[in-house]
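Put chain B on the given structure of chain A with help from the hints.
Sequences listed follow chains A and B, in order.
As numbered in this note's numbering, the first sequence has no gaps in its residue numbers, which increase by one up to the final residue, 308.
As numbered in this note's numbering, the second sequence has no gaps in its residue numbers, which increase by one up to the final residue, 335.
For the record, the hints were derived by calculation from the structure and aren't laboratory data.
Source: prediction; values computed, not measured.
It cannot be assumed that every hint is accurate.
[Stated by the list, open to error] Derived lysine to aspartate or glutamate pairs resembling EDC-like cross-links, with alpha carbons at most 20 Å apart:
{"id": "1", "chain 1": "A", "residue 1": "Lys17", "chain 2": "B", "residue 2": "Asp277"}
{"id": "2", "chain 1": "B", "residue 1": "Lys90", "chain 2": "B", "residue 2": "Asp277"}
{"id": "3", "chain 1": "B", "residue 1": "Lys27", "chain 2": "A", "residue 2": "Asp192"}
{"id": "4", "chain 1": "A", "residue 1": "Lys17", "chain 2": "B", "residue 2": "Glu127"}
{"id": "5", "chain 1": "A", "residue 1": "Lys66", "chain 2": "A", "residue 2": "Asp77"}
{"id": "6", "chain 1": "B", "residue 1": "Lys32", "chain 2": "A", "residue 2": "Glu112"}
{"id": "7", "chain 1": "B", "residue 1": "Lys28", "chain 2": "A", "residue 2": "Glu228"}
{"id": "8", "chain 1": "B", "residue 1": "Lys28", "chain 2": "A", "residue 2": "Glu217"}
{"id": "9", "chain 1": "B", "residue 1": "Lys28", "chain 2": "B", "residue 2": "Asp13"}
{"id": "10", "chain 1": "B", "residue 1": "Lys28", "chain 2": "A", "residue 2": "Asp220"}
{"id": "11", "chain 1": "A", "residue 1": "Lys19", "chain 2": "B", "residue 2": "Asp277"}
{"id": "12", "chain 1": "B", "residue 1": "Lys28", "chain 2": "A", "residue 2": "Glu222"}
{"id": "13", "chain 1": "B", "residue 1": "Lys259", "chain 2": "A", "residue 2": "Asp220"}
{"id": "14", "chain 1": "A", "residue 1": "Lys19", "chain 2": "B", "residue 2": "Glu212"}
{"id": "15", "chain 1": "A", "residue 1": "Lys19", "chain 2": "B", "residue 2": "Asp13"}
{"id": "16", "chain 1": "A", "residue 1": "Lys17", "chain 2": "B", "residue 2": "Glu214"}
{"id": "17", "chain 1": "B", "residue 1": "Lys57", "chain 2": "A", "residue 2": "Asp192"}
{"id": "18", "chain 1": "B", "residue 1": "Lys27", "chain 2": "A", "residue 2": "Asp77"}
{"id": "19", "chain 1": "A", "residue 1": "Lys66", "chain 2": "A", "residue 2": "Glu54"}
{"id": "20", "chain 1": "B", "residue 1": "Lys259", "chain 2": "A", "residue 2": "Glu182"}
{"id": "21", "chain 1": "B", "residue 1": "Lys27", "chain 2": "B", "residue 2": "Asp13"}
{"id": "22", "chain 1": "B", "residue 1": "Lys259", "chain 2": "B", "residue 2": "Asp277"}
{"id": "23", "chain 1": "A", "residue 1": "Lys19", "chain 2": "B", "residue 2": "Glu127"}
{"id": "24", "chain 1": "B", "residue 1": "Lys32", "chain 2": "A", "residue 2": "Asp220"}
{"id": "25", "chain 1": "A", "residue 1": "Lys19", "chain 2": "B", "residue 2": "Glu214"}
{"id": "26", "chain 1": "B", "residue 1": "Lys32", "chain 2": "A", "residue 2": "Glu54"}
{"id": "27", "chain 1": "B", "residue 1": "Lys28", "chain 2": "A", "residue 2": "Asp272"}
{"id": "28", "chain 1": "B", "residue 1": "Lys259", "chain 2": "A", "residue 2": "Asp263"}
[As the list claims (entries may be wrong)] Residues of chain B clear of chain A, computed beta-carbon distances all greater than 12 Å:
{"id": "29", "residue": "Thr29"}
{"id": "30", "residue": "Phe62"}
{"id": "31", "residue": "Ile73"}
{"id": "32", "residue": "Tyr218"}
{"id": "33", "residue": "Pro234"}
Ideal Cβ placement from N, Cα and C applies to all residues, glycine included.
Residues per chain are reported as follows:
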Amino acid sequence: MKKQKNTLAGLQKRKAISGYIFISPFLIGFLIFMVKPLFQSLYMSFCNVEIAAGVINPVFCKIDQYKFALTIDPNYNRLLVEEFTRMLTNSLAIMVFSFFVSLILNQEFKGRALVRAIFFLPVILSSGVILGLESNNSLMAQLQVNIQEAASGISITGTLESILRTTNITWGVRAFEEVFKLIDGIYDVAIASGIQIIIFLSGLQTISASMYEAADIEGCTAWESLWKITFPMISSMFLVNWVYTIIDFCMRSDNQVIDKINTVMITDINYGLASAMSWIYFVIVMAFVGITSLLISKGVYYYD
Amino acid sequence: MTKAKVNPNGDFWERNRKSDGYLLKKTVLKYFVSIARFILLFGMCFMILQPIFNKISVSFMTIQDLNNPTIISIPENPTTENYQMAAKLMSYSQSVLNSFGIALAIAVVQITVTTLAGYGFARFEFPLKKFWFACVMLIILIPPQTISTSLFLHFRFFDIFGLIKLLTGDTINLRGSALPYFLMSLGCMGLKNGLYIYMIRQFFRNIPKELEEAAYVDGCGTLMTFVRIMLPDAKPILTSCFLFSFVWQWTDGYYSKLFLGNVKLVSTELSRLVDSLGAFLMREMGTTVTVPLSYSNAILSTGTLMIILPLIILYLFAQRGFVESLSSSGIKM
Chain A
5 MKKQKNTLAG LQKRKAISGY IFISPFLIGF LIFMVKPLFQ SLYMSFCNVE
55 IAAGVINPVF CKIDQYKFAL TIDPNYNRLL VEEFTRMLTN SLAIMVFSFF
105 VSLILNQEFK GRALVRAIFF LPVILSSGVI LGLESNNSLM AQLQVNIQEA
155 ASGISITGTL ESILRTTNIT WGVRAFEEVF KLIDGIYDVA IASGIQIIIF
205 LSGLQTISAS MYEAADIEGC TAWESLWKIT FPMISSMFLV NWVYTIIDFC
255 MRSDNQVIDK INTVMITDIN YGLASAMSWI YFVIVMAFVG ITSLLISKGV
305 YYYD
Chain B
3 MTKAKVNPNG DFWERNRKSD GYLLKKTVLK YFVSIARFIL LFGMCFMILQ
53 PIFNKISVSF MTIQDLNNPT IISIPENPTT ENYQMAAKLM SYSQSVLNSF
103 GIALAIAVVQ ITVTTLAGYG FARFEFPLKK FWFACVMLII LIPPQTISTS
153 LFLHFRFFDI FGLIKLLTGD TINLRGSALP YFLMSLGCMG LKNGLYIYMI
203 RQFFRNIPKE LEEAAYVDGC GTLMTFVRIM LPDAKPILTS CFLFSFVWQW
253 TDGYYSKLFL GNVKLVSTEL SRLVDSLGAF LMREMGTTVT VPLSYSNAIL
303 STGTLMIILP LIILYLFAQR GFVESLSSSG IKM
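So that you can see chain A by itself, here it is in the shape it has in the complex (with noise of 0.2 Å):
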């Protein structure tokens, strides 16, 4: 008995030993790229870096860093701000989006697979720097905000935000001047929902097909079988989505404070006062997705 457990405890050393061998290149390559970098971008934060004759030389100066660019930085707070709310409104609609795309993508019809085709598209697509041109190309963006205030008069939309907006509601005119935006972008959540439309289709054919017929025959319509059965048997896809939206809007070359953050350091070889602004925009996002995550997850229904 005490022989068998040994060898037990050995296979199970030699599996843990073949699992590090095989992990080996994350941790090493986390060790090296990732701890380091992000230690000395802490330190960095707190300090004058100054570069002369190739050498770095970071001096302590506790906090002025974060002081200069959250009260004296004209643009930076701002930009924070803006580009914020605008992570929520994004975020919130293209999760709607994806979702409700997903749920039609997993019908059957004909030229589905067309169609899958179509919407997969811009996971290739608008990737990496051909997003950021479209936007940052602002005499482009001038144009077209020209031309949809000379057509305001004839689309169907622009009468319509226009009804909406001079009916009395008092209490939603900065809601409704959201909701507008969102329409009116509504390429860009299109654009930016591909990767959460495929996690929300994988996680819509896991379920199976007998759970909605069981349903069905019980005299469930399909409006309630969405509610007591899609959404708490995908609901984990949520959360996968929601963090994953979220980062790859930060992450994206159009967003402003990234802008900010490689001119001040690239053009302005201002280290120090980079660091500081990438830290106080992640730990804002993080601490944003740790909140969001875990209210979500407390809504999570996990099948087993």
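Same frame as chain A, now just chain B:
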């Protein structure tokens, strides 16, 4: 349902009457749903494809066509001049070659190491596993911008524990070469590598354990089992991850700008296309000129098309396996 169509109408009404109008309600609802779905999907597909169509039509226009308000989508005098111009400005063939080489090599390296790590996380029990996996989640969550400052310095004054400085008296400037990025990819720290580890791990977890155990019983070692048994099974997910990696590397401007500033890549060339157009025209004319907005936009559209064309070809070839593998077995969380 087909039966109702084939049979004469009376039969349908007969059956409808027998079912107290339920059949009619169901049929109408079904057709209504599919028509509504068609309109919705058509609209959304058009919305996604429209910018591409728009770019295609603009890319064939001459300056006269661009400024002619009566021409909207079909150019009057189709020309390929824009393509020649964009190709010249981006040094197209060279940058495509560079990008292709780098994206391919990086994708191979990244997928190799992430597969190893993903397999390790999926199939082995070892101490601190949860902690290390939390670290994987961390690298998914940390925006690269947070550490970019110090990475930048890390590679600007590259050194391995002070060894190189001891030997040559100075640190190496690795910036501007592709080496740092390869090193990072070797350590699973490339663009979105945490995501690949996560996806590959999820995939391996869904392969039945018996398969592996049978191989062990038959005398296969750990590595052999991995190469012979597990890898062939994981083809779909590896293909998708490879595609992701290739495409994201191809279009990535962030790491490219940070590490490969001197190498001509399609992504960096594209992002400064408008500036190079201005510079080119200035050289030609000899004076400062403001490039007409419509023209620079046309060149930009042409450039974008030329950059995404190889990707679209790749996507068309791999589309089926890519989409199906991802949505059927890829990511189960």
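- Any of the earlier hints contradicted here, and which numbers? Those not satisfied are hints 1, 3, 11, 13, 15, 18, 20, 26, 27 and 32.
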